[in-house]
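*Asks:* These are the residues of each chain, in order.
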Amino acid sequence: MNKSWWKILSFLLLVYTIVAGFLWEVPRLDILNETIRNLYFHVCMWFGMMILYGISFAYSIRYLRGFNYKYDIYATHFASLGSLFGVLGYITGAIWVSVTWVTQSGQSLGTVLKEPKLIGAAIALLIYGAYFVLRGSFTDMDKKARVSAVYNIFAFVMLFPSIWIIPRLVGSLHPGSPGSDSGNPALDQNDLDAGMRMVFYPAVIGWTLLGIWLATLRIRLQLIRDKSITHEA
Amino acid sequence: MKLKSINHFFAFVLAMFIGNSAMAQSAQGPEMADLMRSNGKIYIVVAVCLTILIGLFLYAWTIDRKISRLEKEK
Numbered sequence: 001m002n003k004s005w006w007k008i009l010s011f012l013l014l015v016y017t018i019v020a021g022f023l024w025e026v027p028r029l030d031i032l033n034e035t036i037r038n039l040y041f042h043v044c045m046w047f048g049m050m051i052l053y054g055i056s057f058a059y060s061i062r063y064l065r066g067f068n069y070k071y072d073i074y075a076t077h078f079a080s081l082g083s084l085f086g087v088l089g090y091i092t093g094a095i096w097v098s099v100t101w102v103t104q105s106g107q108s109l110g111t112v113l114k115e116p117k118l119i120g121a122a123i124a125l126l127i128y129g130a131y132f133v134l135r136g137s138f139t140d141m142d143k144k145a146r147v148s149a150v151y152n153i154f155a156f157v158m159l160f161p162s163i164w165i166i167p168r169l170v171g172s173l174h175p176g177s178p179g180s181d182s183g184n185p186a187l188d189q190n191d192l193d194a195g196m197r198m199v200f201y202p203a204v205i206g207w208t209l210l211g212i213w214l215a216t217l218r219i220r221l222q223l224i225r226d227k228s229i230t231h232e233a
Numbered sequence: 001m002k003l004k005s006i007n008h009f010f011a012f013v014l015a016m017f018i019g020n021s022a023m024a025q026s027a028q029g030p031e032m033a034d035l036m037r038s039n040g041k042i043y044i045v046v047a048v049c050l051t052i053l054i055g056l057f058l059y060a061w062t063i064d065r066k067i068s069r070l071e072k073e074k
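Line by line, the protein sequences give chains S and Z. At position 118 of the first sequence (counting the first as 1) the number is 118 in our numbering, and the numbers step up by one without a gap. At position 59 of the second sequence (counting the first as 1) the number is 59 in our numbering, and the numbers step up by one without a gap.
For the record, the hints were derived by calculation from the structure and aren't laboratory data. Incorrect hints may have been included.
[Said to hold, decoys possible] For lysine-lysine, the following BS3-like pairs were computed, each having C-alpha atoms within a straight-line distance of at most 25 Å:
# : chain 1 : residue 1 : chain 2 : residue 2
1 : S       : LYS227    : Z       : LYS41
2 : S       : LYS227    : Z       : LYS66
3 : S       : LYS7      : Z       : LYS41
4 : Z       : LYS66     : S       : LYS3
5 : S       : LYS70     : Z       : LYS72
Input sequences plus hints: build the corresponding full structure.
*Replies:* Pasting the structure below:
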């Protein structure tokens, strides 16, 4: 019980997110209207993804330092939960786009989806998809763990150009690009409404903790399954 | 009678989403779901989402406990 306080915290934060996220006042803006509330859900998926991929990256480095098989399991499952969050973020973003970026000036959803930010996000997710393909293609366990740990480091580093840098260089409809005033709208003091920040940051923590919890469930299952290998570790 | 008002509510929600861009500029500034809030039905959405959230957490919790039991067995 004393070790599960953060699971309860995650639950409470998500209850708060839903209640305050639906009921509190938000800024009244054209085009966005009530959809600005997606900030508490869509954006949190990407924040959670970055954190989960970051944890996975750290465990991959840790694996390469001592070749402890346990850390390879950690890295895999944090990466898979990160990918789940990324896919959810992509889908929710596509839904959001379909009502805010598609205007009366004749674009179709198909043209809007050729956006630099969306292509960058798709590339990032595909790079992580290749991580799992790579893992699946090895029969030798040590080789699998070693190669995929190195690849995981590459994949994490590739996140930055593909979803943060390139969309901001070439311009994008997504907030945070050269057309708008801010570098990182979710973190900028002047860009995000103070009331929304009161819900947004707890929401990020809540969703991330949920992702970590689900990842640890999968890790613990795998550790039980592979007990003969990791026993001495 | 009750069914009719529910139908009206759904029709309103639907119209709000479809007609969003068409009637965006009204006299009072950007349109928000004020009616949805004033008749209180947004609370239904909150209740539905909370129910799903509670269900998902209970499910994860039972899996967590099962794994804990497996870990103890050795």
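*Asks:* Next, verify each hint and record whether it holds.
*Replies:* The hints, checked one at a time:
1. LYS227(S) - LYS41(Z): At roughly 52 Å apart (the allowed maximum being 25 Å), LYS41(Z) and LYS227(S) break the hint.
2. LYS227(S) - LYS66(Z): Roughly 17 Å separates the two Cα atoms, so the pair holds.
3. LYS7(S) - LYS41(Z): violated, 30 Å
4. LYS66(Z) - LYS3(S): Satisfied, since the Cα-Cα distance of roughly 16 Å is no more than 25 Å.
5. LYS70(S) - LYS72(Z): holds, 18 Å
Of the numbered hints given earlier, the model fails hints 1 and 3; all others are met.
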